[in-house]
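**Q** Could you build all of it, start to finish, from the sequences and the hints given here?
Chains as they are written, first to last, in my numbering: chain A, 1 to 200; chain B, 1 to 475.
Take the hints with a grain of salt, since some may be wrong.
[To be verified] In silico DSS-like cross-links for lysine-lysine, where the CA-CA straight-line distance does not exceed 25 Å:
id, chain 1, residue 1, chain 2, residue 2
1, B, Lys-311, A, Lys-132
2, B, Lys-311, B, Lys-104
3, B, Lys-47, A, Lys-172
None of these hints come from the bench; they were simulated from the model.
This structure is a prediction, so every number in the text was calculated from the model and none was measured.
Each chain, written out:
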Amino acid sequence: MASDPINQVTGKGVYVPGDDIDTDRIIPARFMKCITFDGLGEYLFYDVRKTEEGEDKKHNLNDPRFSEASIIVSGNNFGCGSSREHAPQSIMRAGYNAVVAGSFAEIFYGNSTNLGVVCVTATDVDREVLAKAIEMNPELDITINVKDHKIWFGDQYITCDMRPGARDSLLKGTFDPLDELHASADSVTETASKLTYMGV
Amino acid sequence: MGQSLFEKVWDAHAVRELSNGQTQLLIGTHLIHEVTSPQAFGMLRDKGLPVKYPHRTFATVDHIVPTNETAEPYSDALAQGMIEELRKNCLENNVKFFDTNTGKQGIVHIVGPEQGITQPGTTIACGDSHTSTHGAFGAIAFGIGTSQVRDVLATQTIALNELKVRRINVDGELPPGVYAKDVILHIIRQLGTQGGTGFAYEYAGSTFENFTMEERMTVCNMSIEGGARAGYVNPDETTFEYLKGRPYSPQGAAWDAAVENWKSFASDPDCKYDDIVNIDAADIEPTVTWGITPGQGVGINENIPAVADGKTQSERDSIDEALEHMKFEGGSAIKGKKIDVAFLGSCTNGRLSDLKEVAKYIEGRKVAEGVKAIVVPGSQVVSQIAKELGLDKIYQDAGFEWRAAGCSMCLAMNPDKLIGDQLCASSSNRNFKGRQGSPTGRTMLMSPLMVAAAAVTGEVSDAREVFGVSATVSA
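**A** See below:
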C-alpha cells in the first residue's frame, strides 16, 4: 500500500498560538466515543473554537480570513498528552495536511507521519515571522519543501527540520509502514521464537 | 561496555532496519481497550488481514464504562456500542477479553500487572499513552496510535526510532507524607513536560529500590507527562515477588528459568547513559499542580508563580494562560484554594495500596460540606480486595462515593465529569484544559493522601498537618 511520495505541501496558513497544545485540546475526549474516525474533523479544537453554549469564540480558527487554511502554525510541544490518533485524524479530516511547530510530542509526531500529515519544526523567531506574514496576508501561499528543509512564503523562506525517518518515509511514500512490516513476516516469527514468553 | 535494560530489550526484539532507518520492533505483549482499537480492527477487516498472534493480545474495557451503573445497556448508547464492538472484535479474532462480567475488568494498566501479563524483559504496546506504567517491571512499554494498533495486530511489530536513555537517580528516604506521586510530579517540574522527548527514563537509586511495585508503577505511569515515551525500573526481587503466583506468570520449573532470564535484562553496572540526573528524596515535598500542564507544580508550602516569574516570553505566556484558566492569582499561596470535587482513582493512583494508605487516615473523618468526593478502584480485583478489607465502608462513612472500576473522571469519557469551572483535587495524571469533561473545569494533580486532605478540609491542604502524618504513623 505504498502511497504517493510527499515532496512538498502547499496551502494557506492559520496561526494557533500557544505552547503545550495537548491532544485533549486538539480533540476533547468526549468526541472519541466512536468506532470509526469519520466525522472527527468537525470537532477539531472544539473547546478552543466554541464557548460552553456552542457559540463561536474569537479565534483565528473561526476567522473567515483563514477558512481556507490547510497548514497549522503553532507553538512548542505540540500534540503533548495522549496517544490518541484521533488528534491527527481530526486535523487531517478538518482539511489540514501540515503542522509547523517549535517542537512536537513524540507519539503525536509518529501518528501524524503515519497518516502523511507533515510535521516540521522551526525556531520561535522564524515561526513568528511566518505567523506575522499570514496575519498580514491570509491568502499567502505557503510551501513546505520536505526535501530541502525550507518553508517558502511569498519571496522569503525560513528553514525547518523534521526527523530523518519521517522525512525519508514521506519522500518515499512509505509513511504508512504496514506493507513493509508485513513483508518480513518470517523474520518476525524467527525473532518471536527466540523469546520464551511469546509461546510461538 | 555493558548495556542498559533498554538496549537489551530493544536488541532482543529488533526484527530488522526499515527503509527509512527506523527499527521494526517485535511487540511481545499487546493490550487493547475500547477507544483506540475498533478502528484498527476495522482496518484489518478492510484489508482482509488476520491477527498474527491472537494469544499475545489482551483486552479490557475502561475509558467509557460508567462507574455508577453496571447494568447494560448503559444509558449512553455510544458507550454501549463501543463495549459491544470490542466484544465482537475479541470474539471474532480469538482475543482474551477481561470483560465486565469476569471479575477482572479494570483500567488496562492495572489489569496487565495484576494478571501477571506484564513481565520483565518484554516489549508492551497499547493504544494509550500511560502504557509507560508497565515499565515498572523492567519492560519497555510504549503508548501507540490506532494505526500502530493495526500494525501490532497484523504483524506483531511496529516501526520505531530507538530512544536515548536518561537515568534518573532518586536517593534517600522520602519524608513522611511524601509519596511516589510527588516524586514524579517533582521530576516533571524539574525536567519539564518536553524534557523527556527522545528519551526512555530509567528510574533508579535507593528510593526506587525501596519502592513497592505499585509505587514504581505510579512513577512510570507519568513518564509520558514528562515527554518520555517510556520509563522503567530495573527488575529485582521486589518485581519477582509481586509476579509470583499471578494467573499469567510462569509456573513451576518455568518460573525459576523465567526469573533467571528476567535478571539478565537489568542494566549492567558499567553501561553508558545518554544523560544522568540526580535527585535527593529529602528535597521532595507534597507537590500540587496549579496550572494546565503536569509540569506546572509547586510544593504545598510554596506560592503559585506570577507571570513575571517566567524566564522567557513563552514561559510568561504559559503562566498567564494557566492562571487565567485556573482563575488563580499569580503569587498567591497554593494552600487554601477551595475545591469542589475530590477524585481518588485512575491508572496513576487507583491501586490497592493507594486506597489502603488513604483509608488509614480517612477513617473517622468527614468530607467537607459542599465537596463531592468519589473513590474509583482501578479494577474489579482491587475493588473486591478493598471490600474484603472493609475499605469501601471506611470511605462511605467518611462521605466518599464508592464506585465501580474504570477510568472515571481522569478523562471523562463516561458520566463522571466536572461541571462548569469546578475545581478538582485529583489523583490522576493530566490537568489539561477540559481534561475532566468540562471545558472550563479545573484540575489540580496531587497524591491520593493530598486529595483526601483537600476532601476533608474543602481546600488544598498539607496532608501532613491535616492527618498528623509522622514517621511512626506512615511506617
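**Q** Against each hint, give a clear statement of whether it holds in the structure.
**A** Quick rundown of the hints versus the structure:
no. : hint                       : result
1   : Lys-311(B) with Lys-132(A) : 24 Å, holds
2   : Lys-311(B) with Lys-104(B) : 49 Å, violated
3   : Lys-47(B) with Lys-172(A)  : 22 Å, holds
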